[in-house]
Amino acid sequence: MGLLSLFKRDADKHRVLSSGHVVPDPARCVQCGICTYNCPIGIDVREHAWRGVPVIHSQCLTCGECVARCPRGVLRFEKTDLFTVKVDE
Amino acid sequence: MKYVIVGYGVAGVAAMEAIRTEDKTGEITLISDDPHGYYSRPGLAYYLTGELHDRALYPKSSEDLRRLNFIALQGRVTKILPKQHTLEINNKPPLIYDRLLIAVGSQAIPLKVPGAELDGVVKLDHMEDANHILKHARRGKTAVVSGGGITALELVEGFIARGMKVHYLLRGDRYWSNVLDEQESRIVEQSLQKEGVILHYHAELVEVLGKSGRVTGIQLQDGKTLKCDLLAYAIGIRPRVDLAKEAGLEVDRGILVDECLQTNEPNIYAAGDVAQVYDPSTGTSILDSLWSPARQQGRAAGLNMAGKKTPYTKSVPFNVTRLAGLTTTIIGTVGRGRDEDTVGIVRGDSETWRQLPDAIVAQSGFEVNNLRLLVGERTLLGAIIMGDQKLSFPLEKIITGHMDISPIRASLLIPNAKVGDILVDFWTKNWAAA
Chain S
6 MGLLSLFKRD ADKHRVLSSG HVVPDPARCV QCGICTYNCP IGIDVREHAW
56 RGVPVIHSQC LTCGECVARC PRGVLRFEKT DLFTVKVDE
Chain Y
2 MKYVIVGYGV AGVAAMEAIR TEDKTGEITL ISDDPHGYYS RPGLAYYLTG
52 ELHDRALYPK SSEDLRRLNF IALQGRVTKI LPKQHTLEIN NKPPLIYDRL
102 LIAVGSQAIP LKVPGAELDG VVKLDHMEDA NHILKHARRG KTAVVSGGGI
152 TALELVEGFI ARGMKVHYLL RGDRYWSNVL DEQESRIVEQ SLQKEGVILH
202 YHAELVEVLG KSGRVTGIQL QDGKTLKCDL LAYAIGIRPR VDLAKEAGLE
252 VDRGILVDEC LQTNEPNIYA AGDVAQVYDP STGTSILDSL WSPARQQGRA
302 AGLNMAGKKT PYTKSVPFNV TRLAGLTTTI IGTVGRGRDE DTVGIVRGDS
352 ETWRQLPDAI VAQSGFEVNN LRLLVGERTL LGAIIMGDQK LSFPLEKIIT
402 GHMDISPIRA SLLIPNAKVG DILVDFWTKN WAAA
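Taken in sequence, the protein lines are chains S and Y.
The first sequence begins at 6 in my numbering and counts up by one.
The second sequence begins at 2 in my numbering and counts up by one.
Worth flagging that the hints you see were computed from the coordinates, not collected in a lab.
Some clues are possibly wrong.
Sample of chain S residues at the chain Y side, in silico, Cβ under 8 Å [unchecked claim]:
hint: 1; residue: Cys-37
hint: 2; residue: Gly-38
hint: 3; residue: Thr-41
hint: 4; residue: Arg-77
Quick caveat: nothing in here was measured; it's all calculated off a predicted structure.
Yeah, the Cβ is synthetic: ideal placement off N, Cα and C, and Gly gets one too.
Take these sequences, add in the hints, and give me the full structure.
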C-alpha cells in the first residue's frame with residue numbers, strides 16, 4: 006500500500022469521524038460497559054446499545070474511544086444511512 | 002397479577018422490561034442467590050484483564066431499576082410447588098405466584114479430579130469467582146488453565162494481563178477444534194505464545210497437587226507435573242435444572258419449553274441458558290448459552306407471561322468474542338456438522354478490503370486478519386471473521402438474511418479471489434437497493 010493511500014485512508018477516517026455518529030449493533034453487545042467506562046465525557050454508550058439507538062448526543066466528540074475499545078465490535082461509525090440498524094424493539 | 006422471576010441475569014431483566022410494556026401495575030418479585038444483582042457476566046472477562054472496574058459491570062442505574070417497579074429479594078429457592086403456585090425459599094417466607102419465570106442460567110461443570118477442592122482451584126461463573134481469582138492472581142505467580150473454549154481463553158488472558166506465568170492445557174492437538182479450522186486455531190495459539198503462554202497439547206489433567214490445603218501443582222496423564230499457584234478450569238457449562246426437575250417439570254439437558262417459552266406447567270416459563278427451546282423449523286429443542294438469545298428469550302417470556310402471545314424465533318447462530326486479543330465473529334455454520342450443504346470454503350485476508358466505502362473505515366486495525374466463508378448452493382451458510390471486523394456487519398446481514406448470493410458464487414470460489422472486494426461490491430449494491 007502506497008504512502009499516498011495511507012494518507013487518503015487517514016483523511017477518510019477523519020471525515021467519517023467528524024461527520025458521523027456511533028451506531029450500536031445490539032445483537033453483539035453483552036453490556037460489559039467498556040464503552041461507557043472509556044467515554045471521556047461520560048456518555049452512557051452501553052445504554053444506547055441496549056436500546057439499539059445511535060449515540061446522538063450533543064456532547065459526543067466522536068473521538069472513537071468506545072468504538073476502538075469495544076471487545077466485540079458492537080459499535081461503528083456511520084456517516085450515511087448505508088448501514089442503518091433496524092430497531093424492532 | 003403476581004409475577005415471580007427466579008434469576009437476576011439478562012433473561013430475567015429483559016422479561017421484567019417486557020412485562021412492564023404490557024402490565025404497569027402487576028406485582029413483580031425477582032429472587033436471586035447472587036448477592037451482586039444484575040451485572041454483565043460476559044464482562045467478567047474484561048474485569049479480569051483490568052480493562053474495566055467491577056463497578057462498571059452493572060448496566061442498570063438504581064433509577065433504571067426503580068422504574069421497573071419490582072421487589073428484589075436475595076435468597077435461594079429451595080422448592081417449586083407447581084400445584085400450589087408457591088416457591089419455598091431458604092430462611093424466608095414462601096412466595097406465591099400467578100406466573101413464574103425460571104431464568105437461573107447455567108454454571109461451570111465442576112472439576113472432578115483428586116485435589117479439585119484445594120484452595121487455588123478456581124472457575125469463572127460469577128462476580129464472586131472473579132473477585133476470588135483477582136485476590137489470588139499476583140504478578141510473578143504461575144497459573145494453569147484447563148479447558149477448550151472461550152471461557153478458558155478468557156482466564157488465560159486475564160492471568161497474562163495480571164503478569165502471571167500461564168500454562169494452558171489443551172486436550173487435543175489444537176485450540177477449539179470443533180469450531181475453528183486448523184489455520185484459525187494456529188492464529189490463536191501463535192498469538193498466545195507471543196504473549197508468553199506455554200501451550201501443552203494432548204494434556205489431560207488427572208490430579209491437582211497440594212500442600213496444607215493449597216494448590217502447589219498439577220499432574221498430567223502422561224506423568225508430567227507442573228508447579229503452579231492457581232488452577233483455573235472451564236470445561237463446559239451445564240444448565241441449572243435441579244429445581245425444575247424436582248418440581249416435576251419436563252427436563253432434558255435444559256428445561257423443555259415450547260416456542261412461547263412455556264414449560265409443561267401452564268404458568269411456569271423458562272428462558273436463557275437454562276431453557277431448551279422448541280424450534281418449530283427443525284422440530285428439535287435447542288440449548289443456547291449466549292447473551293443475546295437469553296435476552297430475546299427473556300423478552301418473549303415476559304410478553305407471554307403478561308398475556309401477549311409472542312413466539313420466540315431462533316435466529317442464525319451468531320457470536321462475537323475475543324480470542325487472544327482478536328475480535329472474532331462467528332456467524333451461522335462454521336464448525337462441524339451440516340457439511341453436506343457446503344459447496345465450497347473460501348478464505349481471504351483483509352488486504353483486499355482495506356479500501357472500503359466511507360461508512361466502515363473507522364474501526365481500528367488488527368495485525369492478523371482472517372476470513373473463512375462457507376458457501377452454500379444459493380446462500381452463505383456461515384462465516385468466521387478474525388481480527389479486522391469491517392466485513393463482519395455486511396456478512397452478518399448476508400447470512401442471517403439468507404441473501405441469494407448466486408450472482409457472486411462462482412467468482413467467490415475462484416482460487417485467490419478478491420473475496421473482500423466481491424462481498425463489499427455485492428453488499429453495497431444489494432443493501433442500498435433494499
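Each hint tested on the structure:
1. Contact between Cys-37 of chain S and chain Y, as hinted, is supported at the beta carbon level, the nearest pair being about 3 Å apart and thus within 8 Å.
2. Checking Gly-38 of chain S against chain Y by beta carbon gives a least distance of about 4 Å; that is within 8 Å, so the hint holds.
3. Restraint check, Thr-41 of chain S versus chain Y: the minimum CB separation of about 7 Å is within 8 Å; hint holds.
4. With a least beta-carbon distance of about 4 Å to chain Y, the hint placing Arg-77 of chain S at the interface is held under the 8 Å criterion.
In this structure, none of the earlier numbered hints is contradicted; all agree with it.
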